[in-house]
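Visitor: Per my numbering, the sequence shown runs over residues 57 to 510.
Honestly, the hints are just simulated from the structure, not real lab data.
C-beta atoms are modelled at their ideal positions from N, C-alpha and C, and glycine is treated no differently.
None of the hints are false.
As a list, the in silico DSSO-like pairs of lysine-lysine whose alpha-carbon atoms are at most 27 Å apart:
| hint | residue 1 | residue 2 |
| --- | --- | --- |
| 1 | LYS415 | LYS459 |
| 2 | LYS90 | LYS106 |
| 3 | LYS242 | LYS218 |
| 4 | LYS462 | LYS112 |
| 5 | LYS132 | LYS415 |
| 6 | LYS114 | LYS462 |
So the derived label-pair ranges between C-beta atoms look like this:
| hint | residue 1 | residue 2 | range |
| --- | --- | --- | --- |
| 7 | ARG255 | PRO111 | 51 to 61 Å |
| 8 | ALA160 | PHE234 | 31 to 41 Å |
| 9 | GLN189 | ASN167 | 16 to 26 Å |
| 10 | ARG255 | LYS218 | 21 to 31 Å |
| 11 | LYS246 | GLU116 | 52 to 62 Å |
| 12 | LYS287 | GLN359 | 25 to 35 Å |
| 13 | GLY107 | LYS162 | 55 to 65 Å |
| 14 | ASN87 | GLY107 | 24 to 34 Å |
| 15 | PRO111 | LYS132 | 21 to 31 Å |
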Amino acid sequence: MKAPTTLINLSELPSVDALLQSVADIELPHNLKKNEARTLLDEWRECAAKGKSAPKGKLESNYQKKLLKIANSLRKVVNGTGVIIHTNLGRSPLSTKMLSAMEALKDGYVNLELDLDDGRRGNRHDHLRPWIQSISSAQDGILVNNNAAAVLLTLNTLADRKEVIISRGQLVEIGGSFRIPEILRKAGSKLVEVGTTNRTHLKDYEEAITTRTRLLLWVHTSNYKISGFTKEVSLQELVALGKKHSIPVMADLGSGALVPIDEFGLQREPLVSEVMGSGVDIVTFSVDKLLGGPQGGIIAGSQVLLAKIEKNNLLRALRPDKTQILLTLQALKAFSLGEDGLSDIPVYRDMITPVATLKKRAEILVGKIENAHLSLSIFETESQVGSGASPSEKMPSIGIGIKHSKMKAARVSSCLRANDPAIMGRIADEVFTIDLKAVRVGEDEYILQALNKL
57 MKAPTTLINL SELPSVDALL QSVADIELPH NLKKNEARTL LDEWRECAAK
107 GKSAPKGKLE SNYQKKLLKI ANSLRKVVNG TGVIIHTNLG RSPLSTKMLS
157 AMEALKDGYV NLELDLDDGR RGNRHDHLRP WIQSISSAQD GILVNNNAAA
207 VLLTLNTLAD RKEVIISRGQ LVEIGGSFRI PEILRKAGSK LVEVGTTNRT
257 HLKDYEEAIT TRTRLLLWVH TSNYKISGFT KEVSLQELVA LGKKHSIPVM
307 ADLGSGALVP IDEFGLQREP LVSEVMGSGV DIVTFSVDKL LGGPQGGIIA
357 GSQVLLAKIE KNNLLRALRP DKTQILLTLQ ALKAFSLGED GLSDIPVYRD
407 MITPVATLKK RAEILVGKIE NAHLSLSIFE TESQVGSGAS PSEKMPSIGI
457 GIKHSKMKAA RVSSCLRAND PAIMGRIADE VFTIDLKAVR VGEDEYILQA
507 LNKL
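Construct the entire structure; sequences and hints are all you get.
Guide: Quick look at the structure:
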């Protein structure tokens with residue numbers, strides 16, 4: 057039987073002042089609380105005017121929940137989803153060494169754009185330039201806000217109001233409605249599609265070249281795979297074609313692997329250094345994925361082309377700040393140390409953690425849980441890198457299955473998200489699972505406490 061609707065009585069709605077008095081103990085600016093109170097009252101009045109039923113819950117409690125969410129908006133999350141580089145959870149977690157380096161910014165200044173040798177104004181990009189050159193084998197390189205910015209800036213510099221040729225099989229959507237055709241248009245470039253979704257030949261590129269062609273664009277389809285009756289042009293072939301017609305070749309790698317990830321049991325991704333070695337003129341890739349750093353995008357390649365890119369006024373809107381530069385520097389330094397450095401990067405530490413280690417942790421954790429409402433199980437499962445990197449590849453992991461005698465899996469998930477810190481997992485066959493692949497050892501205690509009070 058359908059529950060009766062509760063209509064809103066306008067005369068019973070509290071005043072703004074009454075709402076403010078009900079949340080006097082919540083420490084937020086007075087104007088912020090007042091604005092939220094007015095907005096909420098306007099929403100309820102609009103429902104009343106349209107004859108709609110009242111929203112679930114009392115207005116006062118909804119107001120309080122809204123303010124508490126604002127006061128605690130960005131919170132620590134235990135990642136039990138099994139996705140290591142989780143876009144919704146901030147992608148790659150930052151290492152302890154990266155955060156320790158932030159002490160240099162604490163209540164003080166740094167020489168962001170100052171040459172301490174001669175006291176003159178310096179270039180913020182010079183701090184990372186030698187490190188980018190080293191890890192990418194490129195002549196030059198700079199950092200911008202993210203990889204989308206790197207692609208946009210490069211296209212706008214090299215092909216504004218000119219033609220860019222790309223295979224139809226590489227017109228990818230990366231996520232969040234970011235699509236290669238749209239970023240080309242925003243950059244002012246004219247998209248020239250060649251080939252088909254599954255098959256593109258070298259002659260398709262060559263026949264599309266005109267006097268207005270300024271760039272040959274190759275996009276690594278890291279977030280999906282096409283198999284079967286396929287054909288694609290190799291970077292080496294595209295580079296040879298570019299040289300023949302004096303047209304630069306740009307490769308967008310997306311995740312940007314610096315080390316062979318097949319060593320971690322995953323499908324091999326093209327290395328940045330290998331792509332540069334193929335002779336391409338520009339490579340773009342992310343910092344906050346397989347590089348394990350903060351949000352950022354790197355443009356590496358020809359010194360001549362990088363000089364043009366640095367002169368583009370758009371760079372000022374896309375340039376990194378001191379925190380991005382400092383954190384990216386630490387990430388690049390870690391890769392220069394080889395295997396010892398990789399063990400300090402959380403993403404790679406998660407990848408190499410043995411299943412046996414995870415199983416032992418799960419057994420210890422489950423053994424400490426004292427909640428009669430819970431039915432717990434330990435089982436082998438699969439995790440993934442995430443954020444478009446090796447989308448079809450899985451890594452062995454260990455999951456803790458949780459069933460509650462009085463709650464459905466969705467309710468268990470809701471309660472654990474409300475925990476402090478929030479605990480994220482996944483649901484399958486009405487079982488809530490916490491995958492330990494990306495859960496820190498020190499976070500086991502949070503899970504224990506949350507499950508014991510569930």
